[in-house]
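A.B. asks: Residue numbers (the numbering used here), protein chains in the order written: chain S, 1 to 161; chain B, 162 to 330; chain Z, 331 to 634.
Everything labelled a hint here was simulated from the structure, so no lab data went into it. Some hints could be false.
Distance windows between CB atoms, simulated [to be verified]:
id, chain 1, residue 1, chain 2, residue 2, range
1, S, 137, Z, 332, 25 to 33 Å
2, B, 297, S, 137, 49 to 57 Å
3, S, 89, B, 235, 49 to 57 Å
4, B, 220, S, 4, 33 to 41 Å
5, Z, 503, B, 175, 40 to 48 Å
6, Z, 581, S, 149, 37 to 45 Å
7, S, 149, B, 175, 50 to 58 Å
8, Z, 495, B, 175, 37 to 45 Å
9, Z, 418, S, 90, 32 to 40 Å
10, B, 250, Z, 495, 46 to 54 Å
11, S, 104, Z, 339, 34 to 42 Å
12, B, 212, Z, 341, 42 to 50 Å
13, S, 46, Z, 332, 25 to 33 Å
Here are a few chain Z residues that face chain S, going by a calculated C-beta distance under 10 Å [stated by the list, open to error]:
id, residue
14, 367
15, 371
16, 373
17, 411
18, 440
19, 450
20, 452
21, 453
22, 499
23, 503
Built from N, CA and C at the ideal position, the CB exists for glycine as well.
Given next are the chains, with one letter for each unit.
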Amino acid sequence: MERTRLIAAAPVRSASEAWQVLTTLLSDTLERSSSIPSGSVAAVLANLNGLGPALIAGGHLESKGIVLVDEGLHLTIRVLTADAALDVEENLNPVPGGASATDGWTIYFPPAGPLDKVLGSAVNSSPHLSTAEAPASAPAPKSERTSKSLIDVDALRGLGN
Amino acid sequence: MTFTSVSTPTHTIAHTATHLADVILGSIADILGTLGIDATQVFADWDRDNRAISEWIKEGSLSTVALECHQPNGVVAPIFEFPVSYTGTGEGDRKFTADRAALARFLAKLQSVPSGTIYKMFCSYNGWHSSQSGWGPATRASVAGMRSYSFGTLAAGPHASTGLRYFTK
Amino acid sequence: MDVSELVKTECKMPDKRYAGLWNSIVVDVSIKDRLLRSAALSLRLRADLPFEATALHGLTILYGPPGTGKTTLARGLAHQLAPLTTQRSARLIEINPHGLMSAEHGQSQRRVTELLTDYVPSLVDDGVPTVVLLDEVESMVVARSQASLAANPADVHRATDAVLTAIDSNASSLPHLVFVATTNFTGAIDEAFLSRADVAICIPTPDAAGVLAILKTTLNAMSESFTPLAKLARNPALEQVASALAGMDGRRIRKTISEAMLGRIETVIEPGVLTIDDLLSAAQRVKQSAHITQSNVGGRNGAH
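Chain S extracted, bound-state conformation:
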């Protein structure tokens, strides 16, 4: 399921604070998974410290947003500014699907106009970051993980006794 979350930047909060909110949302979502070490998401995004707020302040995450993609997970986060920020109803709860995220998660950044070149350099710092076009939907979970039995049949047999 494709999901979209909105975050308010200025005048509600500064671009730096909005970047921190975005980082926290991504960390809270992904690090519910046992495959993703605590603190690792923030560490990857630290490569964009300063640049992240600049993207927000320049309105470059407003119409397209960043897209987090992993198996069963497709999340777009847009950061709104000016009057649009005042009308945002934020949902900053972890996004469903994060608990089964894999280490193959990727964050796709949209075109950033004048900041394209510096962004392109920054994303090279991690395989989890990309400026390529984000996939339209999440890749399907691998088959060995889909059929996971919920009910213990032997315990069920005990009901019949």
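Following the hints, position chains B and Z against chain S.
C.D. replies: Then chains B and Z, alone, in the frame of chain S:
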């Protein structure tokens, strides 16, 4: 003493300051990116500079933020100025705006600068201003004799607005 | 209001606070068996097979008169499921449907969607089998065919749509989620919601044996503090009290005991001296007040 009832603005000067500081610094980053000037320091100092500009707008002391491009041959051009105007009372109906589309069109027309050009950032004030970390006395380059172009209002809030002026040789 | 405030309860089982709920409700054992089996089967089939094969939405409806134990059974279901799961764990989430529908105008649909397709899925992201209780669900899924737009703003209709969409979405994407909806008024519920129920179970008022069992259970429970009540529970004349309470729901039957205790100052001081006569008198009072209540309430359409 006379008491007068006044309507309380919905948004505070802090909101306006946050908005304008972000637009100014964001525009500076975009300008540097367009001109191909290394903006690493802008990103590294983002929080510090954003805090300073925001505080000065809140106290009404910031007059102008200036971005100077220093070419390897010593020429200082172009120069970009972001003048800040204050409305005084904070007009309740006035919205938070940012004309990014116009900025993008403006950036597309910028003349290129030679490789190796660096930037310097300056703030000028309306009288007293608070001391902010990382900012100290400095001398700006003169814009005398330069051609100027006024962008108009770049961004606005209920308490203040900022424009953009562009100076070239 | 943040949608997280609409979740009244979120609790993992086993939890001793919920251990006694299932057995505290006296109904025919076939009813409890059906409820538990339907939940277990839903979890089993939906984990292994696509929706197109099972047509299971993971939705159970418990309906019947007030006070018959629907909500208590639903709350106890997760505790009963826990030992049957591979993880030996289950979760109960209880939603406050009235909080959803009391939102400012135009917001109900958005809140329903956010709650059921985003917030609840995030709570169950760990894959633990979960029972989501929608108590008095008639306030959430108003029968669109019967309610006029004047009585029920379009927002309410859209909220019903949002619930249906969420049920459909979660049916295949969250096979470990089972919704249990309770209602006193099936006529007030949207037909599309009813048709999505994998099973609808009626929890009726207790029969004569059930009434007697409830009286005995309640007296025995109270005998923990007032020992003589255990002897009263074994008194054959208790059957007369049960006969006098025929047609009452379980809640009213239980309250008859305390109603009897307040009949004399002696039984208020020492509840253990309660007699069959006390109970018979109380039964008469309870039946009279039940008759008055029903005649004053008249017909309720269940719409907000």
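A.B. asks: Would you mind marking each hint as holding or not holding in the structure?
C.D. replies: Against the structure, the hints:
1. Roughly 29 Å separates the CB atoms of residue 137 of chain S and residue 332 of chain Z, a value that falls within the hinted 25 to 33 Å.
2. A C-beta distance of roughly 53 Å is found between residue 297 of chain B and residue 137 of chain S, which places it inside the suggested range of 49 to 57 Å.
3. Look at residue 89 of chain S against residue 235 of chain B: about 53 Å separates their beta carbons, and that is inside 49 to 57 Å.
4. Roughly 38 Å separates the CB atoms of residue 220 of chain B and residue 4 of chain S, a value that falls within the hinted 33 to 41 Å.
5. Range check, residue 503 of chain Z to residue 175 of chain B: about 42 Å between beta-carbon atoms, so the 40 to 48 Å window is met.
6. The supplied range of 37 to 45 Å is met by residue 581 of chain Z and residue 149 of chain S, whose beta-carbon atoms lie about 38 Å from each other.
7. Look at residue 149 of chain S against residue 175 of chain B: about 55 Å separates their beta carbons, and that is inside 50 to 58 Å.
8. Look at residue 495 of chain Z against residue 175 of chain B: about 41 Å separates their beta carbons, and that is inside 37 to 45 Å.
9. For the hinted restraint 32 to 40 Å between residue 418 of chain Z and residue 90 of chain S, the CB-CB distance of approximately 37 Å keeps it satisfied.
10. At about 48 Å, the CB distance of residue 250 of chain B to residue 495 of chain Z agrees with the hint of 46 to 54 Å.
11. At about 36 Å, the beta-carbon gap between residue 104 of chain S and residue 339 of chain Z stays in the expected band of 34 to 42 Å.
12. Checked against the hint of 42 to 50 Å, the C-beta distance between residue 212 of chain B and residue 341 of chain Z comes to roughly 44 Å, which is consistent with it.
13. Taken as a hint, the range 25 to 33 Å holds for the pair residue 46 of chain S and residue 332 of chain Z, whose Cβ atoms sit roughly 29 Å apart.
14. At its closest, the beta carbon of residue 367 of chain Z sits 8 Å from a beta carbon of chain S; the interface hint therefore holds under the 10 Å criterion.
15. Given hint, residue 371 of chain Z at the interface with chain S, holds; its Cβ is 8 Å from that chain's nearest Cβ, closer than 10 Å.
16. Because the smallest distance between the Cβ of residue 373 of chain Z and any Cβ of chain S comes to about 4 Å, under 10 Å, the interface hint for this residue holds.
17. Look at residue 411 of chain Z: its Cβ gets to within about 9 Å of chain S, closer than 10 Å, so that hint holds up.
18. Satisfaction of the interface hint for residue 440 of chain Z is found here, the shortest Cβ-Cβ separation to chain S being roughly 8 Å, below the 10 Å cut-off.
19. Restraint check, residue 450 of chain Z versus chain S: the minimum CB separation of about 8 Å is within 10 Å; hint holds.
20. Restraint check, residue 452 of chain Z versus chain S: the minimum CB separation of about 5 Å is within 10 Å; hint holds.
21. Look at residue 453 of chain Z: its Cβ gets to within about 9 Å of chain S, closer than 10 Å, so that hint holds up.
22. Restraint check, residue 499 of chain Z versus chain S: the minimum CB separation of about 7 Å is within 10 Å; hint holds.
23. Given the 10 Å rule on beta carbons, the hint for residue 503 of chain Z holds: about 6 Å separates it from the nearest Cβ of chain S.
Hint compliance for this structure: every hint is met.
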